[in-house]
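Q: Since the structure of chain A is provided, determine the placement of chain B on it from the hints.
Protein chains in written order, with this note's numbering: chain A, 1 to 397; chain B, 1 to 397.
These are computed hints drawn from the structure, not numbers from a lab.
Computed from a predicted structure; not experimentally measured.
A few of these clues could be false.
Because identical chains cannot be distinguished in the list, a pair is counted as satisfied if it fits within a single copy or across any two copies.
[Claimed, not checked] Quick list of in silico lysine-lysine cross-link-like pairs, DSS-like style, CA-CA up to 25 Å:
id : residue 1 : residue 2
1  : LYS157    : LYS223
2  : LYS115    : LYS223
3  : LYS128    : LYS144
4  : LYS273    : LYS392
Given next are the chains, with one letter for each unit.
There are 2 protein chains.
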Amino acid sequence: MRCEVVAIGTELLLGQIVDSNSSWIGEQLALAGIDSLYQTKVGDNADRMKSVIMQALTRSDAVICCGGLGPTQDDITREVIADIMGVELVRDEAIVNAIRAMFESRGRDMSDNNKRQADIPVGAATIKEMPGTAPGLLCPVGDKVIYAVPGVPYEMKEMMLGTILPDLQRRRGAAAVIRSRVLRTWGLSESGLAETLDARLQELDHLGNPTLAFQASGIEGIKVRVTAKTDDEAFAFALLDAEEALVRSLIGDHVFGVDEQSMEVVILEALGKRGLTLAAHETLTGGVLATRMTAADPDMEVFKGAAVRSASQKHAGEEGAIALAALTCEAFGTDAGVAAVAAEVDETRPPGTVYLGLVLEGRQVGATVFLPGDQRRSRDYAVISLLDLVRKTLMRS
Amino acid sequence: MRCEVVAIGTELLLGQIVDSNSSWIGEQLALAGIDSLYQTKVGDNADRMKSVIMQALTRSDAVICCGGLGPTQDDITREVIADIMGVELVRDEAIVNAIRAMFESRGRDMSDNNKRQADIPVGAATIKEMPGTAPGLLCPVGDKVIYAVPGVPYEMKEMMLGTILPDLQRRRGAAAVIRSRVLRTWGLSESGLAETLDARLQELDHLGNPTLAFQASGIEGIKVRVTAKTDDEAFAFALLDAEEALVRSLIGDHVFGVDEQSMEVVILEALGKRGLTLAAHETLTGGVLATRMTAADPDMEVFKGAAVRSASQKHAGEEGAIALAALTCEAFGTDAGVAAVAAEVDETRPPGTVYLGLVLEGRQVGATVFLPGDQRRSRDYAVISLLDLVRKTLMRS
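Okay, chain A solo, but in the shape it has when bound (with noise of 0.2 Å):
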């Protein structure tokens, strides 16, 4: 089963958006057992798109379309479709509906031009999630089919994950069983892991299976992904469960996570458990900490708050960060309190020197750690040492 993407947008060619749709749209085919071997952006011109979507569809069984579905006169994704597939485009009253109760669930009206995005090719059928103003579509091409998905990143993946994996899944038929767990590491280099991990590699590479792969992604951690190849679904989770347990045994407590599991899901996790509750000093960090806890927690049931502010001095010691986190503690009326500060650059502190300081429930820790690149990827890496250093000490105590 192979599937190809085509990315479709003027804007994509010239640079002014870097087309992260099908990376994720690769990821999300490797991880399903989907070949893709190639990806073509193409601008928005009716000739050259049709080109390019009919030589995809002679070398591969499946084609995604992703852009072009907007109300504008340059969205001709459809008419392109219909076509490849030497049909008209039909309105659908009834999508006319769905676009104008969106509009007016916002608070807005519709315009003539979103009216467009209601014409589907005959044959065609929609895609049923609809999270915006413009249909998907799904469209049989003999025994192949091309999927036309918008641009909007929550959009595609929400089409993507409800409709075109299952139905490529149901294509392909029974098949091999690929599975795959993401094993989340942070605190450790990519060649440290490979060293750690470099005998039981060598003694994979001869079983063939699984296989284990790193992903260094930055302040995600480094990913290490465990894919099993079996014809039995059982199977496969049994090798994963297995695989997984020995890496742990051999990295420890570096593992943080598993798959989509992020490392403040897995802190609000632990402290919800205990009844615990956080909130943080954000002076270095400037509101990075909360923003992603907030998102996690949007209730605010674990995570309490945040102060912002800006940092009145610099400081000597890790004593400094946990007093700031103490003070935050009493203010916030909470279990738990964080603060990252900046050190005093002298001939011992070298610049971008940190120091992380934690108090749960009166205990206190202080980290110092040396953080890396501009003021902006520096913050980054301040929240995820906090975070860790939270989630170490809740491990060990």
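A: Chain B alone, transformed into the frame defined by chain A:
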């Protein structure tokens, strides 16, 4: 003059790396007035690489291959290009020595694998810039040309700017200059913009130059790209200036910035010029506003801080948001304060209704907005709506 980009690497298809190189190259080509109509990603597979590069060569005058020049066995761009040229690879001992010197200057030994990087197709030239260990290639094929550059961004960029763009310009001879400008808007829908500018769009369809295009960018608003194509740079900028003035006269203060100017940068500049400071009350927005403002104002000279707290209540009107904005001014000692709060839902206030409050030098401004989607997107929209309220109030005061 047409030039295509072929990005090479299985990791690109799998989504392990986002292909930002092609976007950057596309932008450089557009700025140089060279058409780039297709960009393709292909994995490390000789047959597929060959077919993609051959096809690019038939429909364009030049092809830039990015990636696959490293020292390992899956780096086969050199071999594939030699195959297309119908020539052998010959090891260039001068390049071997240059690579060895590069390693020695970093205190490391060159491995035998690295010698492969000095294998050059007969008839090809090496690109004079060589910031890493992989030499770039300039490979004539009839009257066309294939360039090969490493996938490491800074190495690729140095070769593009130093050799490839000048070579493309030379091959093309004197020709068109393309310059573009992006007007950034907030508060209009894409179709609303299209309707407002409809008459002008039709005029431009006849004139052919400059052109206007829209780009919906989520919480970054809608971008209007003006592109002028002339023989002369000064004339191109004159066209852009005239079109910008015309568009602004039609859509007014919905234009908040130009090119890379973000909403927060615009506001920080406007506040800074008047010597005013700002703080935020962040219940609904959970630190997102502080994160954006402190990223743009890292020393917090204008943006003085934020209080992130859990929401104690829903509100029945804009007065609630204004009162919190006023309290925030007092607490932080700033000239301006902002707050966004959720409305009590009833028959007149649908879910997603948010009240915005601004106090600016004692003046009180409220607004009511309906925000789409899930909580995470909703707070992004709340932040940009609040910032736009600050911007418009500053413009009118």
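Q: Mind listing which of the numbered hints don't hold for this structure, in increasing order?
A: Every hint satisfied by this model.
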